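Student: Sequence:
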Amino acid sequence: MLRAAGVGLGDEVIVPAFGDVEVAEAVTLAGGLPVFADIDPGTYCLDPVAVAAAVTGRTAAVVAVHRFGRPADVPRLLEVGRRHGLLVLQEGESEEPYDEIAQRRQRAAFLDERLKGVTTPEATVGHTYQQYVVRVPGNGRPDRDAFARALRARGVDCRVPVKTPVHRLPEFRRCVSLPETERAADETLALPVDASLTKRDMQRIVAACNALGGLLQPAL
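Following the working numbering, the numbering of the sequence shown begins with 1 at its first residue and continues without gaps.
Rather than coming from a laboratory, the hints here were simulated on the basis of the structure. Keep in mind that this is a model prediction, so the values were computed, not measured. All C-beta atoms, glycine included, are put in the ideal place defined by N, C-alpha and C. Any given hint could turn out to be false.
As the list claims (entries may be wrong) - Label-pair distances were calculated between CB atoms; the ranges are:
id : residue 1 : residue 2 : range
1  : 96        : 183       : 25 to 35 Å
2  : 9         : 153       : 43 to 53 Å
3  : 154       : 196       : 11 to 21 Å
The whole structure should be built from the sequences, with the hints applied where relevant.
Tutor: Written out as structure tokens, the structure reads:
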């Protein structure tokens, strides 16, 4: 897609660091240089303001990556592209049957109403909940990693969605300020909302989270 768009040697392409490394690798394979911009803390997708700030005279394109079943702010990114003469490409997530999406939304709504001690995701239009991502406060006790270990010990199959932002990886290490990306990498945790989960399974998730949530008081 990048090559077809004319991205080549020396071109800068703005991409998110919060997510998989494949997008940055694709830019490199096309001969370009990945430039990392920060994310919106609510959507975990590229922040259009941060993208605009990252534009230079060598910028050729922006790759908007949709994250966790929530779409990126493509209209605002397209406006940035028009203003600076940039291509805006989209890296989408796989399409799924409507029934599966509807069932995940039901389970997400169940968690939204009952979870305590963690920050639940914003319920926005179009969110398909490919992953149900909460935030565990980094200054609480226990922190996100300890919280995840405790949940797994209680039989909850949770996982850290982005263990290491791309700009921290040795092959793409950059001296760049991405505070929202760093915070999201340290605080986010994906809880199960699969269509196969029963109501008893969902109640177990809530009980396990809420039993720990009372321990998550800000550090003094």
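Student: So, for every hint listed, does it hold in this structure?
Tutor: Taking the hints in turn, this is what the structure says about them:
1. 96 x 183: 25 to 35 Å: Holds: the Cβ-Cβ distance is about 29 Å, inside 25 to 35 Å.
2. 9 x 153: 43 to 53 Å: 51 Å, holds
3. 154 x 196: 11 to 21 Å: 19 Å, holds
Violation of the numbered hints given earlier is absent; every hint is satisfied by the structure.
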